[in-house]
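Student: Sequence:
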Amino acid sequence: MSDPKDHIEIKQDGETREIFMSFGLLNEITTMMGEPATAASVYFAPELRERVLLAALHQRSKTGKIQELLASLDDVDISISDMEELLAWEVDHAIGFFARSMERVVKTKGALEDLTRGASSLIGSQGSASKKQSSGR
Numbered sequence: 258m259s260d261p262k263d264h265i266e267i268k269q270d271g272e273t274r275e276i277f278m279s280f281g282l283l284n285e286i287t288t289m290m291g292e293p294a295t296a297a298s299v300y301f302a303p304e305l306r307e308r309v310l311l312a313a314l315h316q317r318s319k320t321g322k323i324q325e326l327l328a329s330l331d332d333v334d335i336s337i338s339d340m341e342e343l344l345a346w347e348v349d350h351a352i353g354f355f356a357r358s359m360e361r362v363v364k365t366k367g368a369l370e371d372l373t374r375g376a377s378s379l380i381g382s383q384g385s386a387s388k389k390q391s392s393g394r
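Here the sequence shown is numbered in my numbering, starting from 258 and rising by one per residue.
The set of hints was computed from the structure by calculation and includes no laboratory data.
A few of these clues could be false.
Capping the alpha-carbon separation at 20 Å, the derived lysine to any residue pairs in SDA-like fashion look like this [as the list claims (entries may be wrong)]:
{"no.": "1", "residue 1": "319", "residue 2": "267"}
{"no.": "2", "residue 1": "319", "residue 2": "343"}
{"no.": "3", "residue 1": "262", "residue 2": "284"}
{"no.": "4", "residue 1": "262", "residue 2": "358"}
Using the sequences and the hints given, assemble the complete structure.
Tutor: Next comes the structure, spelled out in structure tokens:
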């Protein structure tokens, strides 16, 4: 799966609107989802789906700070196809984030295991000298 584009264009209230996937928006979306499995099920969870869509539809500054909150999806005129495309874009970003995060966790876990093995062998080699007394010969 290739990474989705950082921007998406939709028609809202008769005008073209560009939405930017800032880290703040991505963080908000992934916080709502909580875990990777929820990202795939967002299509079938109406309340979560609405919250995820609204997160992207709030008016934001260029840096992603919310300037105007939307209370409901009924507050905007957007076609079903644009809403579905927007939701898919958000889900793709969330799944990509979860996948990259999991790759980092696996890499970190492997590095920690290597470090632990290395530390264990060092500790083991210090105590490996024979404890038997020399006969003095």
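Student: Which numbered hints turn out to be false for this structure?
Tutor: Hints that this structure does not satisfy do not exist here, as all of them hold.
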